[in-house]
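Those protein sequence lines, which keep their order, are chains U and W. Numbering of the first sequence is given in the working numbering, commencing with residue 1 and proceeding in unit increments. Numbering of the second sequence is given in the working numbering, commencing with residue 1001 and proceeding in unit increments.
There could be a bad hint or two in this list.
Pairs of lysine-lysine, DSSO-like flavour, derived with a Cα cap of 27 Å [to be verified]:
#: 1; chain 1: W; residue 1: Lys1336; chain 2: U; residue 2: Lys31
#: 2; chain 1: W; residue 1: Lys1441; chain 2: U; residue 2: Lys145
#: 3; chain 1: U; residue 1: Lys88; chain 2: U; residue 2: Lys45
#: 4; chain 1: W; residue 1: Lys1336; chain 2: U; residue 2: Lys218
For each label pair, taking beta carbons as the anchor points, the in silico distance ranges come out as [unchecked claim]:
#: 5; chain 1: U; residue 1: Lys88; chain 2: W; residue 2: Val1435; range: 34 to 42 Å
#: 6; chain 1: W; residue 1: Asp1541; chain 2: U; residue 2: Ala87; range: 31 to 39 Å
#: 7; chain 1: W; residue 1: Asp1541; chain 2: U; residue 2: Asn69; range: 58 to 66 Å
#: 8; chain 1: W; residue 1: Gly1574; chain 2: U; residue 2: Ser82; range: 51 to 59 Å
#: 9; chain 1: W; residue 1: Lys1445; chain 2: U; residue 2: Ser24; range: 24 to 32 Å
#: 10; chain 1: W; residue 1: Lys1457; chain 2: U; residue 2: Ala2; range: 27 to 35 Å
#: 11; chain 1: U; residue 1: Trp237; chain 2: W; residue 2: Ile1151; range: 35 to 43 Å
#: 12; chain 1: W; residue 1: Glu1562; chain 2: U; residue 2: Ala131; range: 43 to 51 Å
Here are some chain W residues the structure puts well away from chain U; computed CB gaps all over 12 Å [to be verified]:
#: 13; residue: Lys1121
#: 14; residue: Lys1123
#: 15; residue: Thr1139
#: 16; residue: Lys1271
#: 17; residue: Ser1309
#: 18; residue: Arg1316
#: 19; residue: Glu1320
#: 20; residue: Ala1325
#: 21; residue: Pro1328
#: 22; residue: Ser1461
#: 23; residue: Lys1490
#: 24; residue: Glu1539
#: 25; residue: Ser1555
#: 26; residue: Val1561
To be clear, the hints were calculated from the coordinates, so they are not data collected in a lab. Glycine included, every Cβ here is placed at the ideal spot set by N, Cα and C.
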Amino acid sequence: MADKIVLEIARYAPEKDEKPSFQSFEVPFRKEWVVLDALNHIKDKMDGSLTYRWSCRMGVCGSCGMMVNGEPKLTCATFLSSYGNGAKVRVEPLRYFPVIRDLVTALSDFLVKLQSVKPWLIRHDDVPLSAGEYLQTPEQLDLYKQFSMCINCTLCYAACPVVGLEPTFVGPAALALAQRYNMDNRDQGAEERLGLLAHPEGIWGCTFVGECTRVCPKHVDPAGAIQQYKLKAALEWVKGFILPRGHEDAGKEVRP
Amino acid sequence: MEIRSHDILLVGGGGAGLRAAIAAAEINPKLSIAVVSKVYPMRSHTVSAEGGAAGVAKPDDSLDEHAYDTISGGDWMCDQDAVEAFVKEAPQELLRLERWGCPWNREPDGHVAVRAFGGMKKKRTWFAADKTGFHMLHTLFQTSMKYQPIIRYDEWFVTKLLVDDGRVQGVVAIDVMSGKIQAITAKAVIVCTGGCGRIFPFTTNANIKNGDGMALVQRAGGPLKDMEFLQYHPTGLPFTGILITEAARAEGGYMLNKDGYRYLQDYNLGKPQPTPVLRSMELGPRDRLSQAFVKEDQKGRTIQTEYGSVVHLDLRHLGEKLINAKLPFVRELCMKYENIDPVKQMIPVRPVVHYMMGGVSTDISGATPLRGLFAAGEAACVSINGANRLGSNSLTECLVFGARAGRAAAEFASGEKVPNAGVLAQATDEQHRLVHQYLQKSGGKERIATLREEMQKAVESGAGIYREQSTLTQAKNKLHELQERYINIKLDDHSQTFNTELTSALELGFMLDVAQSIVECALHRAESRGAHQRTDFPERDDQRFLAHSLVRRNSDGDMQVEYLPVKITRWPPGERVYGQEEKPVGVTKQAG
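Chain U on its own, in the form it takes in the complex (with noise of 0.2 Å):
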């Protein structure tokens, strides 16, 4: 077969199919496109029904997760070449969540998880704007950025055992993210979040496959964020014990 490849598209319309199903669509195999090229293809010229998310087609604006022969990927940065040319391609929706429509997810779920985090800056004084900005040194930056790149993309959920087995867990990407607050030197927030995470559904629920690690896009590390930030919390735990009457204070130390 000359310049073609199969992507083998999951497709579920709710109001018609009671359980989804595959769709084989034959488009060309271009060097330069990636599978999202593939999808646009086939809702220009072949089917206008299918049904995804898109947007930046370059990587930042975490629409177009999908499985892409299983493994979780943003659909905008994986090109067909990696499959060859002549290649069958299954495209479907991220695992462990639940599907709206084709390849579509629900994310609402996710927003709340994100928000329980409480991902904004936590301050207890009130400096005023004319005092300009909080110092942070580049090596203070250095600390927490990683953890900062996150695109909510939703991969490493779907790269998470643990989310398939019990799905109120936070999951990577929203414990990431208050490890980013956490770490940076201008939150006041670490004891306030370690006490909304430090149970089973939040930190102690990572059994630390690694999984979302490999699979973030951006490098976040997630699999480190959670594992830093289980150290912490055992610390505090056992501070308690040694430190009573300083555990107050615990929320100050926790950030290095």
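Fit chain W to the supplied structure of chain U, relying on the hints for placement.
Positioned in the frame of chain U, the structure of chain W alone reads:
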């Protein structure tokens, strides 16, 4: 039909929309504020902005210098009262974002760092590596979550503004997930839907940038301003149109033609120096650099590829360390999408449609001529960008004028009555229109993608970097034909659930309207200024055209263009000078 009501309704949840929502919530926590966005807010196109956000930060700089760079960069089409407000509020808005956690790059001593940018005489661009828009958007989105009055309508697609008694009183929107069509009323509406780059075939803009808000406002009777001023960014990757940030040149990148020659020296942009010189050569303004590319191409000195002519952006001499520290996203994008490592190889680039200087006409508080309607960000034209926007002014514009619009809308909504019953009849009509013209439509033969491609070709060849009467007239005729064919579109998808073919069809309708406005304004402006270059009228003509275009359309789709004087405060129109010493600036009084 189900009706929901709020005090303030934002259409769009990107940088400007979220900033406006937070400003409104802070001014009056009792207000109910709805953010209605066709995508989850963190998907908004602000996320793709790379280089930075301008605001005076260091002792060697001044507000007047930022204002002058902006005004001369805009070829004197900026409203100077708006620019003065902008440069004054810019630093505090950027600082506020710092207080909300934005990870701005820092100096070794912990203070915020700034970088050079095109057309700017001083270093004043705040940056978060080369993912500034991404960090700003996520900071705003995450911060917005702590404000109780902000209620989100994620993935709701607005199809109409409800106007009664001369006042905008809400919208009709489709809940994309369920397909339900609903009216959402509000005492004040703020349009923050961003730009319209997708009208063109080769653009940095995301798929969602279809000029929705511009078309919605124009259909509601509001004017669009300065729509002929469309920015081509000089450095896009061929085929994908992915942006290579101006910061790559600000850090010292060279633009080279096929002979390895820094060709910008031939276009009145200064003499080449080994290291970057502000307002010179590669740090000239975007309009001039994109125009230089066309001239260089005409001389046969570009490189021919299967995706059109290119020149080279050379970063190799900057070294791996600097590239990784300041331009990591440039490297990531080049390696991913071009299989090129800029540490070792030159980057092929060509001009790419990037930004709409024009938009919904507003005053300096974000208010439009329609009562109860406000606009901010790229969707709006205040105007601070004039005939050519300077890089890194637009992210700051989202903050300054987003906040201003949010405050003005909050004030307006606090004193306003609840919406009239009259708008509900309109909402029902709109629901019928959507059902009959789209959802239950049978027959039809025009594919959305075909019409879209023909539109894109028509505007690119008719209203590109250089335009003239004949090419614009051709584009105008073609767009008229496409509007007629649009009535006969064919839809494969008639389902309620997440119908993206329906939203694509509605977006195409918006784009066709906006494309007509662009072409109409470009036809009327018989001069060359900034990004609007007419080969048949190559000179700037201040006598006739030191004025903003205002374009309206009536219910038949006919358009009228009229002119509004440009507001000049302290900087009388002068010559744009780059790459050499300027004559003293005609500043009459020192401000702030």
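Hint check results:
As the CA atoms of lysine 1336 of chain W and lysine 31 of chain U are separated by approximately 13 Å, the hinted pair is consistent with the 27 Å bound. The hinted pair formed by lysine 1441 of chain W and lysine 145 of chain U fails the criterion: a straight-line CA distance of about 51 Å is larger than 27 Å. Restraint check for lysine 88 of chain U and lysine 45 of chain U: the C-alpha separation of about 20 Å stays at or below 27 Å, so the hint holds. The hinted pair formed by lysine 1336 of chain W and lysine 218 of chain U meets the criterion: a straight-line CA distance of about 12 Å does not exceed 27 Å.
Separation of lysine 88 of chain U from valine 1435 of chain W is about 39 Å and conforms to the stated range, judged on CB atoms against 34 to 42 Å. Roughly 59 Å separates the CB atoms of aspartate 1541 of chain W and alanine 87 of chain U, a value that falls outside the hinted 31 to 39 Å. At about 60 Å, the CB distance of aspartate 1541 of chain W to asparagine 69 of chain U agrees with the hint of 58 to 66 Å. At roughly 54 Å, the beta carbons of glycine 1574 of chain W and serine 82 of chain U sit within the given window of 51 to 59 Å.
At roughly 26 Å, the beta carbons of lysine 1445 of chain W and serine 24 of chain U sit within the given window of 24 to 32 Å. Range check, lysine 1457 of chain W to alanine 2 of chain U: about 29 Å between beta-carbon atoms, so the 27 to 35 Å window is met. At roughly 38 Å, the beta carbons of tryptophan 237 of chain U and isoleucine 1151 of chain W sit within the given window of 35 to 43 Å. Checked against the given bound of 43 to 51 Å, the beta carbons of glutamate 1562 of chain W and alanine 131 of chain U, roughly 48 Å apart, stay inside it.
Every Cβ of chain U is farther than 12 Å from the Cβ of lysine 1121 of chain W; the closest lies at roughly 23 Å, confirming the non-interface assignment. No beta-carbon of chain U is positioned within 12 Å of the beta-carbon of lysine 1123 of chain W; the least distance is around 16 Å. The claim that threonine 1139 of chain W lies off the interface is violated: its Cβ sits roughly 8 Å from the closest Cβ of chain U, which falls inside the 12 Å cut-off. Once the 12 Å rule is applied to beta carbons, lysine 1271 of chain W is consistent with being away from chain U; the minimum gap is 34 Å.
No Cβ of chain U approaches the Cβ of serine 1309 of chain W within 12 Å, the least distance being about 17 Å, so the stated non-interface status holds. Every Cβ of chain U is farther than 12 Å from the Cβ of arginine 1316 of chain W; the closest lies at roughly 23 Å, confirming the non-interface assignment. For glutamate 1320 of chain W, the condition that its CB be more than 12 Å from all CB atoms of chain U holds, with the nearest at approximately 17 Å. Not every CB of chain U lies more than 12 Å from the CB of alanine 1325 of chain W, the least distance being 9 Å, so the non-interface label is violated.
Distance to chain U contradicts proline 1328 of chain W as a non-interface residue, since its nearest Cβ pair spans about 10 Å, not more than 12 Å. Even its closest Cβ contact with chain U, about 21 Å, leaves serine 1461 of chain W beyond 12 Å, as expected for a residue assigned away from the interface. Consistency note on lysine 1490 of chain W: stated as away from chain U, yet its beta-carbon is not over 12 Å from all of that chain's, at 8 Å minimum. Against chain U, the non-interface label of glutamate 1539 of chain W holds: every CB pair exceeds 12 Å, the least being about 38 Å.
With a closest Cβ-Cβ approach of about 29 Å to chain U, serine 1555 of chain W is found to remain outside the 12 Å limit, as its non-interface label requires. With a minimum CB-CB distance of about 32 Å to chain U, valine 1561 of chain W clears the 12 Å threshold, and the non-interface call stands.
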